[in-house]
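Student: Line order of the protein sequences matches chains X and G. Number 676 in numbering that gives the first Met the number 0 belongs to position 677 of the first sequence; there are no gaps in the numbering. Number 489 in numbering that gives the first Met the number 0 belongs to position 490 of the second sequence; there are no gaps in the numbering.
Derived from the structure by calculation, the hints contain no laboratory data. Fair warning: there could be bad hints in the mix.
When chains are identical, the list treats them as one kind, so a pair holds in a single copy or across two.
Quick list of in silico lysine-lysine cross-link-like pairs, BS3-like style, CA-CA up to 27 Å [what the hints assert, rightly or not]:
hint, residue 1, residue 2
1, Lys414, Lys519
2, Lys84, Lys15
3, Lys173, Lys88
4, Lys383, Lys65
5, Lys508, Lys691
6, Lys197, Lys451
7, Lys577, Lys388
8, Lys373, Lys203
9, Lys776, Lys856
10, Lys508, Lys698
11, Lys234, Lys445
12, Lys836, Lys234
13, Lys637, Lys774
Number of protein chains: 2
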Amino acid sequence: MATSAKKYVYFYGFGKANTEGDQTMKAILGGKGANLAEMSNAGLPVPPGFIVSTEACAYYSKHGHKLPPGMVDQVRANLGKLEKKFGKKLGDPENPLLVSVRSGAAVSMPGMMDTVLNLGMNDRSVEGFIRSTGSERAGWDCYRRFIDMFGDVVMGPTSGLEHEHFEHELVRIKRKYKAKEDTDLTATQLQEVVEAYKKVYQSKVRKPFPQDPFQQLMLSIEAVFNSWDSERAAKYRQINKITGLLGTAVNICTMVFGNMGDDCGTGVAFTRDGATGEDKPMGEYLINAQGEDVVAGIRTPKPLEEMPNEKDPMWTKAHSELTKIMQQLEKHYKYPQDVEFTIERGVLWMLQTRNAKRTGLAGVRWAVEMATGKDVVTGASQPKVLTPKEALMIVSGDDLQQLLFPVFDPAHEKKAEEVSRGLPAGPGAAVGRIVLDAAAAEAAVKADPSAKVILVRHETSPEDVGGMWAAQGILTSTGGMTSHAAVVARGWGKCCVCGAGGLEIDYAKKTVRSGGRTLKAGDWISINGSTGKVYAGQIPTMPSPVIAGVEGRGKGATQDAVFRMYDQISKWADQHRKIKVRTNADTPADAVRARAFGAEGIGLCRTEHMFFEGERIWAIREFILADTREGREKAVAKLLPFQRKDFEGIFKAMHGLPVTIRLLDPPLHEFVPHNPKEQKEMAKRLGVSPAKVASRVQKLHEFNPMLGHRGCRLSITYPELCVMQTRAIIEAACNVTKRKVKALPEIMVPLIGTKAELDFLDAIIRRTAEEILAKRKVKLAYTVGTMIEIPRAALTADEIAETAEFFSFGTNDLTQMTFGYSRDDIGTFLPDYLEQKILPEDPFQSLDATGVGQLVKMGVERGRSSRPGLKCGICGEHGGDPASVKFCARAGLDYVSCSPFRVPVARLAAAQAAIKG
Amino acid sequence: MATSAKKYVYFYGFGKANTEGDQTMKAILGGKGANLAEMSNAGLPVPPGFIVSTEACAYYSKHGHKLPPGMVDQVRANLGKLEKKFGKKLGDPENPLLVSVRSGAAVSMPGMMDTVLNLGMNDRSVEGFIRSTGSERAGWDCYRRFIDMFGDVVMGPTSGLEHEHFEHELVRIKRKYKAKEDTDLTATQLQEVVEAYKKVYQSKVRKPFPQDPFQQLMLSIEAVFNSWDSERAAKYRQINKITGLLGTAVNICTMVFGNMGDDCGTGVAFTRDGATGEDKPMGEYLINAQGEDVVAGIRTPKPLEEMPNEKDPMWTKAHSELTKIMQQLEKHYKYPQDVEFTIERGVLWMLQTRNAKRTGLAGVRWAVEMATGKDVVTGASQPKVLTPKEALMIVSGDDLQQLLFPVFDPAHEKKAEEVSRGLPAGPGAAVGRIVLDAAAAEAAVKADPSAKVILVRHETSPEDVGGMWAAQGILTSTGGMTSHAAVVARGWGKCCVCGAGGLEIDYAKKTVRSGGRTLKAGDWISINGSTGKVYAGQIPTMPSPVIAGVEGRGKGATQDAVFRMYDQISKWADQHRKIKVRTNADTPADAVRARAFGAEGIGLCRTEHMFFEGERIWAIREFILADTREGREKAVAKLLPFQRKDFEGIFKAMHGLPVTIRLLDPPLHEFVPHNPKEQKEMAKRLGVSPAKVASRVQKLHEFNPMLGHRGCRLSITYPELCVMQTRAIIEAACNVTKRKVKALPEIMVPLIGTKAELDFLDAIIRRTAEEILAKRKVKLAYTVGTMIEIPRAALTADEIAETAEFFSFGTNDLTQMTFGYSRDDIGTFLPDYLEQKILPEDPFQSLDATGVGQLVKMGVERGRSSRPGLKCGICGEHGGDPASVKFCARAGLDYVSCSPFRVPVARLAAAQAAIKG
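Pulled out of the complex, with its shape left as it was, chain X reads as follows (with noise of 0.2 Å):
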């Protein structure tokens, strides 16, 4: 059976010709055990060892808890390769080899899985270490921390002992020799401790403790396995979506001693610094420690810098050393990093290297200054270590998207008292007073335009709009990612924490409570909308350079800065990209800044605000009154100069670029009012009784909106909407036009589910606006297309563009239908889902590429099938998502739109597409 076995162990150290695998291997041999044999081809001093393969952990896993055939035998054959290599032998009574079985999944997951330290002591081999070492007091040091460690880690699990029994005793020996610190024990002591805890280990496990190595290790290599199905495991990679692992691989490493005197140490260090990505190396040191008291912060560590500084000179001689070895490392990895190293009696040892972890401004700061070679900020000269390419695959959206937003002061953050948690609907941080509807925004910003609010409500509609925009951030206790407070916050770069289902707000009584805290209206909260939390009081913010920069205010040298690397990311993004990028934007306030951002045009131009503003809901809900078509006419006739200037205004603000605008998409009920009160005001200044009044908005009730008489569907029972949109979009690009500004209007026709609607309101259309052009005599480039967001439509979409020039894929109602999920109603059951891993994310967050990318590439492929070339985008909220927009590349489509703020990050993820290919 072992002659035809698979191979599940990998041994590494001694150089390259030793070493099996490298740093590609990691789905096998684990990040860590990856990078030891990386750094070992590399010729760097790294102690030697062996590798368990994360395929004999999924064997253990699957086959209930048994070793895959051949393993046993492989992990002897290294370790004897192992022992007579080093030159020392597990257990020996002479010079013993000590080695550490750590555990090492292919994505690091700190502090989640199990480690031994020490292992290969017994009572004969201790001896062999005093001999060999000269060191009796870390001979039975590091027997009784085995003993320890074994008896928890290993043993604990089954026979439930735990590191405190020890501790009870090593306390109780203490207090016997009056001992302060650990330290302050003798050998003769630390070895009645030895007595003492394997006393203890027998009374639990009801066995004595293996004095057997192979045993022992074994056993240790069974408990990282075992330690890759705990619970806490599980939670880790459920929270931190690790899917698609293996299982641990085990790391068998030979001991080093940073414990065995003065000339000892150990210690961690970062290539470069994780939070402001300036480049200088920083870390942490220990001298006559082993690795586990930095960790533990029992004693105090000193700065790297300081090691040059100790007396013995071996000191300086290691510091240089190590500052030489992080060069090569950050250059060979392309990419900064962290290590942990230990100096043995002067020799440096290199334990571990990883990826560092870092914010969002140095992961920037990096890729820019490795990618020049100059300090962005000093302009100090650095190796140029990646290719403009290279940088950009190592920034990732959230980076870009950190750099756009306020945030709170960290220090302060940590401190505030959090109150409840919603969903990160729209990031940044905000911090006013509550206020529980939206009017009184309004109101309290009218009076002081300082004051600073926060609208806390169930959720918003589109007749809240005006307090929304007042208010600093926005807080709803329902609604998802995509509820409309959450889409309209993303729109405008706000603030915004949705669904925060704790929350339960009185209007009636002015109170916000949560838990037991009850807040009341005019209380101060703070809102983060990156995370998603939620704060009693007031926490200090900072604002963004970028938007400064982008906005041509901002002036300070480190905000300069920051405003530069952005710069030199995006134009990097955009020489490499493939798609474009447009925005979604309704006012030319929103197409300005997007354009300062980098869209290309706008995706999406909803017009329901043109229906709202001011004294133009009164001209809809005239409409909605009507009973006649001449009533409904006259009725929308009043709304078209103030939509003929909207337009105009945006095609200026687009000049030369395309905006797709989207004929009125919501329900009518959206205009009316409910309650009792606002219709009989209604009924007053429209001239009709309040009965007719109550009777037609109770007509305009319906059970699903979102499934109902809205979108063409509108257009199609009232056709003089469209003419009026149509005349409105036309005659201002005719206006426009006689301005010499260059107006692209691709008129857009929402919810279309089959070819006969879109066939209806195009003839509509191109006979409105033919008539309008020849009349004017102008010669306008428009196109008339369609959303794609019903699923019928994709796949019908072959039907569809025979008629539709251009197709854009509307990914929220489209992922609302395929799911079947109303995105105002999902957070009742979103949580439960995501926590029971039943969806890896929120599919309006993240395109849902298995089930509604499916329909995406249909709708593609048909539309394509039936008209060559078809101009294809996105227009959903995934337009800003990274994930979203490389699936968008890949499934061919030409551009993705989102609102302004996520311009930067879509441009980014564009160009990470094309780079992937």
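On the provided structure of chain X, position chain G as indicated by the hints.
Tutor: Frame of chain X; chain G shown alone:
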């Protein structure tokens, strides 16, 4: 050009040797033309002629009213052939040929398109006509009729000339000569009429009446083509859902004259009675008349059976010849015929034959009698014309359906006052007093079991089922064909009209207004659930004899005959169909009834009512209010014994047949009261504060409940629900198994969108079931499967089938989500959509094969790709729609499931699908 031209003109008459085309060529020759050719082929006396094809009409329509190349030459050549063979020439001054020019599309559109008779008349040929026929009066009469018809039909649309303009002159001349009837005018006076008509013509058309007969012919052919595109014809096709036709053909037929004297006549006849289906020729004739006189109703025709009694013995001969031809035609067409005939001077000519129209009863009777060769009432022998297979193909689902429901007495319905119209949601007829709330309906019938009420509501909800059951019928002002009211009513076979949008229901005033009419609660109302019409007052109804037969009641001879017919058709259907038919049934009573109708299992047992009935609602309300899992488990435990008993009854009723049980589907807010008063009662009864109830209810509110927290999502949040239902099912199965009942439960998880959802619940269901089966030591063949009702489920059916043991396509929800239509709200735009032909039909009634059908096929194919032989069925309302059943058979489904009353229709449709192949 003419040499290579396409064939547009087809000759017929003078037997098979001279005839081009036959009845299979309806698409090109039109129904009338194809049948004339067919009769000519059969050697029947058909006035010869030729047909201009529908392809010519299509060309004309498409090319801006230009005749296709070569057509004129072909018409000329065929006219020449006709003149030569018939021995008369068009416009001949000696012995002129007259022709009729008639429209005739592939589908009959009675009266919708134009006809010109007596073509060929002019100033010279009228003399020839008189000479050759010897009838001066007939000559001038034909001429004046021709000018009138040609002027009105051919020149009217462009000149404004109308029949009335001629009529005016006729009246003037009649008055002048004191003639009472047209027939009182002498030949000379008619000649004066001709002159007057020619002046009328000239004054409007501004050209003299055309004397060139070929010009007359070509203008008439174009007029028929133009009439195809006329508004009324387009409207007719739209209303009658006639699509896919090329255009109309034009039949140019030799005129024969029934108005040449007393040995002449004309008439129409049916080979069998189209109302009762009785095998007895029926018809009417007029002596000395043209066909239009029969239609115009100026003279009263005599019944056909009187013809042999006429004095002139030629009539006896003609009658015997006609009845012989009619038998021949019925045998030839294998379907009862509707013929037109003319007798010219003792010679019988067949002008037209076509399949006869009929009632549902007649359709079924024809099929049975023509295939058994036996009168179902008298037992008398008949020719056996059809095989059972052929018989199945001439019956429609609607025919069969008509036998299953009570109907209004047609004579009374005609006279009743129609007050509104809605959707025909539950077939049948119902009469009762208006009741505006469900509780009142229940109370009324409880107080007096013979009380008849109609429940009239804006819409119904599951709380209303008691009152719905008590009512004779249900009428709603909102909601579509698959709204709650419609689905529940059809399930019970109860009469229901939905979405009667014209009704204004005022619950407070207890009135129902429609147009100007106000009805009060307590007033009598009658509703026709087969047509959607609503009448004020009481209309007498007639019961269904089939139901009585199926249920073993009803003894009358006619009733027995009707039942025997139904039974015969159903038995033949079962011999031929391949797809199984199950039923949607939620109670033992429904299950028993459906089994009597031939259901082969339950395809959908909804469990909602098991949570509503009586005391049970309090348990589910307690569940909803519970804050902990323990509390919820305690509450649902109360439902277990009830539900177990429900399932026992259903298993018993379906002994040996599979029962698919759907786990709880509706959102929880359907179980809680929404008005403060009832909420207070609920709070009191469950011992909590009213505020808590109100707050919980508010949290359950959803914007789009259809896309909200329901279906499997409920069981994922509250697994205790799924556990309880599984317990009830499996324990019930164990209990009945011990009583020798064979239970075959199929546990169906609703609303699955991802495999992970099903995996989660499948594990719970199996664990729960296995525990019970092990404990009870029962072997039970249960399966776990899922509804495919979410687009994403169909798209990922391959993944889902790895876990699901069966699929049931829930095409109601699948249609909702694929189209993005809420079935409760579709009433607001569906009428516009049907009128504008944007949808060919209500997609909730007949499955949309183009869009939704793609997902069904995809689901079946992908599901079986990962689980070969996967059992697939359909349980939406479409399971009872014939066209949808045929689609399901083609898509490879194993069964359809429909409400009990639609089982017979589904059996027939399944057989028709199998026969069609």
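Student: Measure nothing new, just compare the shortest in-copy and cross-copy C-alpha distances for Lys197 and Lys451 to 27 Å and report within, between, both or neither.
Tutor: neither (65 Å within a copy, 89 Å between copies)
Student: How do Lys383 and Lys65 come out at 27 Å by Cα distance, when the copy is not named: within, between, both, or neither?
Tutor: Neither way: Lys383 and Lys65 sit 49 Å apart in one copy and 76 Å across, limit 27 Å.
Student: Is it within, between, both, or neither for Lys414 and Lys519, if the alpha carbons may be no more than 27 Å apart?
Tutor: within (22 Å within a copy, 67 Å between copies)
Student: Is it within, between, both, or neither for Lys776 and Lys856, if the alpha carbons may be no more than 27 Å apart?
Tutor: neither (40 Å within a copy, 51 Å between copies)
Student: Evaluate Lys234 and Lys445 at a C-alpha cut-off of 27 Å and name the case that applies: within, between, both or neither.
Tutor: neither (48 Å within a copy, 57 Å between copies)
Student: How would you classify Lys508 and Lys698 at a CA-CA limit of 27 Å: within, between, both, or neither?
Tutor: between (32 Å within a copy, 18 Å between copies)
Student: Checking Lys84 and Lys15: alpha-carbon separation at most 27 Å within a copy, between copies, both or neither?
Tutor: within (14 Å within a copy, 106 Å between copies)
Student: At most 27 Å between C-alpha atoms: does Lys508 with Lys691 qualify within a copy, between copies, both, or neither?
Tutor: Between copies, since 16 Å is at most 27 Å while 32 Å is not.
Student: Reference check for the pair Lys637 and Lys774, CA-CA at most 27 Å: within, between, both, or neither?
Tutor: Cα proximity of Lys637 and Lys774: one copy only (21 Å, versus 75 Å across).
Student: I want to check one pair: Lys373 and Lys203. Are their C-alpha atoms no more than 27 Å apart within a copy, between two copies, both, or neither?
Tutor: So Lys373 and Lys203 fail the 27 Å test inside a copy (61 Å) and across (93 Å) alike.
Student: Between Lys173 and Lys88, at a C-alpha cutoff of 27 Å, which is it: within one copy, between copies, both, or neither?
Tutor: neither (33 Å within a copy, 135 Å between copies)
Student: As a check of your reading, is Lys577 near Lys388 (CA-CA no more than 27 Å) within one copy, between copies, both or neither?
Tutor: Classified as within; 14 Å inside a copy, 62 Å across copies.
Violated hints for the displayed structure, listed by number in ascending order: 3, 4, 6, 8, 9, 11.
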